[in-house]
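Engineer: The lines below spell out each chain.
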Amino acid sequence: MKRRTKKLLLNWRIILLTLFLIGSIVTLAVRPLTFGIDISGGVALVAQTEHPVDTKTMQLVTDSLQKRLNTLGLRDITVEAQGDQIVLIKVANVTSPEEANQIKSVIESQGVFYMEFAGTVFGTGNDVEYVGIYKINPDNSWSVPFRISKSAAEKFAELAKGKAGWPVDMFLDPPVNSLMIVPESVYKTMNSSEFNANAPEAPTLLERITRAFNISVVAYANQSADEIVKLAQGKDKIVLVDVPGELQTQLEAMNITVRYVPRAQGESDHALIVRVLGLYGPYSLGEGLTVGEPQQDVQITGSAPDRLTAEQEASTIYTVLKSGSLPVKLNVVGMEFISPRLGEGFRTQALYAGIGALITVLLIVYFHYRKWRIAIPVASTSLFEAVIILGFAALIKWNLDLPSIAGIIAAIGTGVDQQIVITDELLGGEKTTRISRRSSMLKRMGRAFFVIFASAATTIAAMSFLLVYFVGTLKGFAFTTILGVLIGILITRPAYAEIAKYLLGED
Amino acid sequence: MSKPKSKAKPTAGDAVRAKKQEKLSFLARMEYRKMIMYPLVVFVIALILLAVNFPTLGIDLRGGVVVTAYGVNANPDELAKYISDKIGVDVRVESFTGVETSGVRVYAPIGTDPLRIIDAMKEKYPAAEYTHSEVQPTFGEIAQQQGIRALAFAFLAMAVVVFLFFRNLVPSLTIIFSALSDMTIAVALMGIFGIELTTATIAALLMLIGYTVDSNILLTTKLLKRKEDSIDKAYLSAVSTGFTMSTTTLGALLILWIISTSQTIDNIAIVLIFGLLADFMNTWVLNAGVLKWYLTREAVRGGKA
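Protein chains in written order, with this note's numbering: chain A, 1 to 507; chain B, 1 to 305.
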């Protein structure tokens with residue numbers, strides 16, 4: 001018996017299991033587990049870009065979001081791009097629903113900023129390198145100084161050479177590549193020199209936005225929805241400005257993206273146009289900038305009827321410049337807020353549930369075999385498996401969220417199943433004679449492991465798609481399932497087979 | 001084998017095993033035509049149930065607003081009326097209880113500001129713990145597509161691996177059909193019990209693929225590869241193992257379901273329970289029936305050749 005015990009303890013499968021167990025416990029001790037927002041508390045936001053973007057643009061989006069949230073003084077932020085349209089933002093340590101909503105509005109208010117001159121976009125928010133503090137003068141005029149990138153400055157100098165007094169426009173979230181249907185009077189205003197600053201000879205606002213943003217403007221003259229759709233061929237969306245509302249329903253029924261902008265009470269054509277286009281300006285071009293010399297330090301100036309309005313205008317421009325560095329518009333399409341206290345509750349619950357499940361497994365296995373010699377190894381192997389999975393998660397700093405925990409449960413569940421397969425194969429061999437027992441036992445183990453490998457392979461195959469290719473929360477689930485199954489077939493299952501062989505009296 | 005057993009004493013465990021096998025032997029005696037027919041009937045019923053009563057989509061797949069308050073004990077209907085009056089939006093309230101705490105979930109249509117719901121509720125329950133989430137329909141749509149694709153791909157991958165392992169058309173197809181039927185029945189039961197289809201329950205359905213394939217592979221392996229025993233004996237030994245496997249898993253899941261108040265974990269547990277119950281039938285009745293029929297047919301063919 002002694003010899004057998006020694007042989008068991010020196011078996012490489014047992015040694016491997018022991019090593020992994022010790023390693024996991026040490027890892028867990030020095031490097032505590034990190035939990036997902038749904039357990040530790042915080043806010044998770046899902047944002048979607050207006051249209052699919054390439055990897056480079058996506059990188060810019062995540063970088064600028066990270067920067068922006070950092071400037072708010074938030075810590076523990078992760079910004080993660082998923083696919084070509086989804087950005088996942090997680091902020092830990094958010095304590096109140098109000099704070100959570102504030103983060104959401106910050107992300108949503110971050111628009112796409114364009115600087116345009118004579119129908120050419122010469123810079124975007126990414127070209128704004130620095131924004132100075134705005135200044136309000138006693139005459140209620142204001143100015144916001146900022147620095148643009150060298151390339152934008154060069155482009156602008158070339159465009160603006162000799163064009164003193166021409167309008168410079170800034171846009172925040174203009175309806176790029178769209179068809180605008182506007183009332184006759186609005187159309188006329190856009191096509192006049194009203195937005196031309198001090199240069200009536202410059203292209204009209206209508207011409208500028210058409211060239212710069214591919215926005216086509218059409219005066220509304222009772223066109224039918226069908227006619228409008230024909231005009232909008234190749235455009236991303238249709239913007240309906242102050243036209244009968246039923247057009248919106250008709251167009252939406254035809255599965256077309258429509259933005260409907262009604263005129264506010266007493267709103268002038270001018271104000272309406274500014275609002276629809278997200279236009280800031282136009283700002284008249286001072287002579288100093290028209291000599292063809294690139295100048296990176298520029299400023300936006302304006303004047304307002306009173307101090308309060310001046311303050312508002314200046315601070316809006318300031319915020320727009322400071323934050324408007326996203327290359328593409330983002331919409332928050334989902335958010336989840338979990339208070340940290342609740343998260344705490346979930347964590348202890350998960351622990352209780354885990355222990356409860358383990359004890360249940362122990363009792364049920366005992367009930368089936370009436371042998372503690374089987375029940376205890378089965379339950380403790382499952383416990384070991386959980387410890388090793390958690391140790392691994394701690395090692396790579398995997399964020400354990402609820403789906404990840406579900407994955408661990410899944411892996412352990414299949415683990416118990418497979419241990420039972422091994423046990424039954426071993427027990428099944430008891431009745432055969434001693435001589436044939438050995439060869440038959442090997443055969444039985446081979447069969448048990450065939451079952452185990454086949455089911456492990458199917459699970460891994462099924463889950464790996466989720467892991468590499470899907471967005472959202474199922475990733476954590478797939479990861480821990482695969483991890484658990486791998487640890488199972490490589491470490492715990494072979495060790496259990498040895499222990500079971502030993503305890504059930506087989507050599 | 002007239003020689004007496006080397007270890008003559010039958011242990012308590014052996015007696016239990018023998019008893020279990022005897023209890024389950026009615027399955028072995030069943031005629032394979034019936035074994036194939038009954039589960040197919042259940043599958044068709046599940047399909048019909050799905051057609052008339054498909055589970056509702058959760059807010060993460062459909063879009064909407066949900067506010068969860070822990071530490072609130074309230075009549076859902078009264079609370080719904082109170083909130084609806086207060087904020088002027090129709091809401092639906094559901095209550096839940098766990099071991100440590102109970103609470104309510106308030107569902108509101110998309111566009112409702114969750115903070116207004118929380119403010120309204122705070123007047124009544126200032127000490128409660130609030131969480132909220134909201135999902136836009138556009139993202140719900142993405143999540144739906146992803147979910148469907150995830151299920152389809154996982155299923156396909158499973159099918160391919162099963163084929164590679166058995167390289168035998170009839171048994172492989174049966175395993176694949178079993179898994180399909182398990183999922184169908186689980187989803188049908190979700191519809192009956194009012195469990196929503198969410199990303200979490202999709203995860204559970206994916207898990208089912210793993211669980212159900214386990215027992216099916218066990219059965220198929222035993223019946224196809226165990227040449228020293230008769231079909232019935234091999235079947236009984238497989239079914240008793242499978243029975244142990246399923247009861248253990250079911251027990252653990254039940255505990256999980258009872259202890260947890262997290263909706264995610266609760267829903268995953270209950271969907272798995274549905275699936276495992278369905279799997280018991282599909283593996284040990286349907287799959288076994290098909291395999292018996294297949295093996296007897298092969299034996300007859302083999303005899304002729």
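Don't take every hint at face value.
[Stated by the list, open to error] Listed below are the simulated PhoX-like cross-link pairs for lysine-lysine, each with C-alpha atoms no more than 25 Å apart in a straight line:
{"#": "1", "chain 1": "A", "residue 1": "K371", "chain 2": "B", "residue 2": "K233"}
{"#": "2", "chain 1": "A", "residue 1": "K501", "chain 2": "B", "residue 2": "K19"}
{"#": "3", "chain 1": "A", "residue 1": "K56", "chain 2": "A", "residue 2": "K150"}
The hints are simulated quantities; they were obtained by calculation from the structure and are not laboratory data.
Engineer: So, for every hint listed, does it hold in this structure?
Structural biologist: Hints versus structure:
1. The straight-line distance between the Cα atoms of K371/A and K233/B is roughly 23 Å, inside the 25 Å bound, and the hint therefore holds.
2. Among the hinted pairs, K501/A with K19/B is consistent with the structure: their alpha-carbon atoms are about 24 Å apart, no more than 25 Å.
3. Our distance criterion of 25 Å between C-alpha atoms is met by K56/A and K150/A, whose separation comes to about 21 Å.
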